[in-house]
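Enquirer: Heads up: the protein sequence lines correspond to chains A, B and C, in order. To convert, note that position 178 of the first sequence is 178 in the numbering used here; the numbers rise steadily by one, no gaps. To convert, note that position 111 of the second sequence is 111 in the numbering used here; the numbers rise steadily by one, no gaps. To convert, note that position 201 of the third sequence is 201 in the numbering used here; the numbers rise steadily by one, no gaps.
Honestly, I wouldn't trust all of these hints.
Heads up, the list lumps identical chains together, so a pair's fine if it works in one copy or across two of them.
Here are the computed lysine to any residue pairs in the SDA-like style, where the Cα-Cα straight-line distance is at most 25 Å [as the list claims (entries may be wrong)]: (1) Lys44 - Gln110; (2) Lys120 - Ala185; (3) Lys44 - Pro118; (4) Lys143 - Arg24; (5) Lys120 - Ser204; (6) Lys120 - Asn226; (7) Lys120 - Ser205; (8) Lys241 - Arg112.
Keep in mind that the hints were calculated from the coordinates and are not lab data.
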Amino acid sequence: MIVLFTDFGLAGPYTGQVTAVLQREAPSVPVVSLFADAPSGMPKPSSYLLAAYAAWFPAGTVLLCVVDPGVGGDRRALIAEAAGRLYVGPDNGLFEIVLRRADSAQVGGQCREITWLPEKLSASFHGRDLFAPVAARLARGEKPETMARSTAPMRFADWPDDLAEIVYIDHYGNAMTGMRGETVAATATVVCGGRTIAPARTFSSVPPGTALWYVNSNGLVEIAINGGRADRLIGLAIGSKVELATP
Amino acid sequence: MIVLFTDFGLAGPYTGQVTAVLQREAPSVPVVSLFADAPSGMPKPSSYLLAAYAAWFPAGTVLLCVVDPGVGGDRRALIAEAAGRLYVGPDNGLFEIVLRRADSAQVGGQCREITWLPEKLSASFHGRDLFAPVAARLARGEKPETMARSTAPMRFADWPDDLAEIVYIDHYGNAMTGMRGETVAATATVVCGGRTIAPARTFSSVPPGTALWYVNSNGLVEIAINGGRADRLIGLAIGSKVELATP
Amino acid sequence: MIVLFTDFGLAGPYTGQVTAVLQREAPSVPVVSLFADAPSGMPKPSSYLLAAYAAWFPAGTVLLCVVDPGVGGDRRALIAEAAGRLYVGPDNGLFEIVLRRADSAQVGGQCREITWLPEKLSASFHGRDLFAPVAARLARGEKPETMARSTAPMRFADWPDDLAEIVYIDHYGNAMTGMRGETVAATATVVCGGRTIAPARTFSSVPPGTALWYVNSNGLVEIAINGGRADRLIGLAIGSKVELATP
Chain A
1 MIVLFTDFGL AGPYTGQVTA VLQREAPSVP VVSLFADAPS GMPKPSSYLL AAYAAWFPAG
61 TVLLCVVDPG VGGDRRALIA EAAGRLYVGP DNGLFEIVLR RADSAQVGGQ CREITWLPEK
121 LSASFHGRDL FAPVAARLAR GEKPETMARS TAPMRFADWP DDLAEIVYID HYGNAMTGMR
181 GETVAATATV VCGGRTIAPA RTFSSVPPGT ALWYVNSNGL VEIAINGGRA DRLIGLAIGS
241 KVELATP
Chain B
1 MIVLFTDFGL AGPYTGQVTA VLQREAPSVP VVSLFADAPS GMPKPSSYLL AAYAAWFPAG
61 TVLLCVVDPG VGGDRRALIA EAAGRLYVGP DNGLFEIVLR RADSAQVGGQ CREITWLPEK
121 LSASFHGRDL FAPVAARLAR GEKPETMARS TAPMRFADWP DDLAEIVYID HYGNAMTGMR
181 GETVAATATV VCGGRTIAPA RTFSSVPPGT ALWYVNSNGL VEIAINGGRA DRLIGLAIGS
241 KVELATP
Chain C
1 MIVLFTDFGL AGPYTGQVTA VLQREAPSVP VVSLFADAPS GMPKPSSYLL AAYAAWFPAG
61 TVLLCVVDPG VGGDRRALIA EAAGRLYVGP DNGLFEIVLR RADSAQVGGQ CREITWLPEK
121 LSASFHGRDL FAPVAARLAR GEKPETMARS TAPMRFADWP DDLAEIVYID HYGNAMTGMR
181 GETVAATATV VCGGRTIAPA RTFSSVPPGT ALWYVNSNGL VEIAINGGRA DRLIGLAIGS
241 KVELATP
């Protein structure tokens, strides 16, 4: 399976063109769009989001990842292997957290710079012209080493292991942080947007209109309001800081 | 075919993860997203919308339906059979209108409570963890009784047979009501947002900027403005009341 | 492959129902949504957008194109052949630029009026009821002449070959014009929204916050701001005029 993690949007031409390339180059491989609205042009929050959601897919999955504000410049193109999954995308920190967690779990973390080049490479759409054909080849079973050479990727040692910021606002207005629930005390309160928010297991366990935090279905600390949009009512956006207060 | 009727949105992670589960569990069954923007967290308007749109699909279709504000609480999970179609989703009224119409047409209306449990069940994403695997099994031909036991679903006898409210705003700003066109006189006028709106067969049969109502392609009374967005220009949202005036 | 070019939106019921028809009528043919947010109800800008993006697909592709404000009125339904691709949609100018470019390149430009009629034809959703079944039949290999008779389509001789207006705003807020890059001097400046904008090859070659224009990956002149949304910051929308100033 090829999984798309991008900031392309679905309605416009980008996801469609990438899907057309994958369909042509690897017709029997199913393609699933996981995120088409990853934090636009922001590799740092995207890196925490990707690490949390990629872990849900089985080993062997190929993830085509494009949050790429430096496209057309001199940033390199990577194939990263981590915990049995293959990631294709730009060398801009997008794979920092995936690689770091693979390192600490000693389950791979191999990086290669893509050396394969398509016949035509546009300056602004490497997702279609470079990353998609490479992802299709990997999904068909071609080896990374036939398209790429070993390299050390850019590393971002100053990024924390868990990011105490909002990294994604979902369709309901719920706000995901870059913190794994397993690193936070179950009784901690979360402080953000001037509010102190207590934990709850489900929406329906607090009164309507009440804010709550919980560990979401992919393991991230998430802030919501029962029956309302947390983003608007609390004033949260990607990058909003979050603090923990352990009682 | 598996048809998705949800309030998940398409761009974020929810539809993608559900699609990945269906792909894994029933790889040869096509998946179509019918609505990913059903009225968010509102089973009542969603129930009228679902009944109108499900009827367009042939018998044998499996509909995976998730508008589920009570997820993780004590609401039950259902498989409903009605008019030869199978519905999987929460017991919160979402299937009320489908079941009621199947009852009155004497074409089934059998309900079962899902007793099958996945290995891992998150508190907030039963669409992925419970409903999708059950829908995949049904689409593969497994019988409902192997996963569920007969039950009486929650019923909402005070809901009308046709809902004189806006239940959906589409991409063009057209506003669908929960009223079937066949229950409304063809010459009736619709009163909403302080306006009295006359019927017309097509957009192009009224001058630009004029409001009209018509029976849409799935049988619902719908309000629009030729060349404009009815939601903004008339001030309509999900839940806005509509009145009929028969001349 | 069947490619969708519509103003339907993806989340609501229209793309899903069209996809269900294609799946049923041509189950082995992949369907890709290229645009679901073409300029809503505006065949003129859509025509330039379609011509630029259709050219990327190989000969033999069937394009199902629905930007159709006159649906249900007396506008005709067409199958157009141009440069080896087949287009299905309304006779309202949507194919004007595709046909004109095929004429000038002497690579076809044959038009037929669809005479085939489905059993049921709604007044408001010919995309589902008429165009999708015809597209599916073409994708299965049926000949246009079995469903349609030769005709001269409506022509719009007063439309320019390249449109100096914004024809699309993408997910990032970048604004595409209807001008092919090959018709514009590489050193020209673009004037719009009261600003004079210089060319650049990539986003990262100008400082953050700076506006630039470039030839996008499908050959159109596009206006953007490095790290920002050009639509909001410059005040651009579909239909905004653009002027060229050649130094």
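Enquirer: Does each hint hold? Answer for all of them.
Expert: Against the structure, the hints:
1. Lys44 - Gln110: Classified as within: same-chain Cα gap 20 Å, cross-chain 50 Å, threshold 25 Å.
2. Lys120 - Ala185: between (52 Å within a copy, 22 Å between copies)
3. Lys44 - Pro118: neither (28 Å within a copy, 34 Å between copies)
4. Lys143 - Arg24: So Lys143 and Arg24 pass the 25 Å test inside a copy (19 Å) and across (24 Å) alike.
5. Lys120 - Ser204: between (53 Å within a copy, 20 Å between copies)
6. Lys120 - Asn226: Close across copies (24 Å), not inside one copy (50 Å); limit 25 Å.
7. Lys120 - Ser205: between (55 Å within a copy, 21 Å between copies)
8. Lys241 - Arg112: neither (34 Å within a copy, 45 Å between copies)
Violation of the numbered hints given earlier is confined to hints 3 and 8; the remaining hints are satisfied by the structure.
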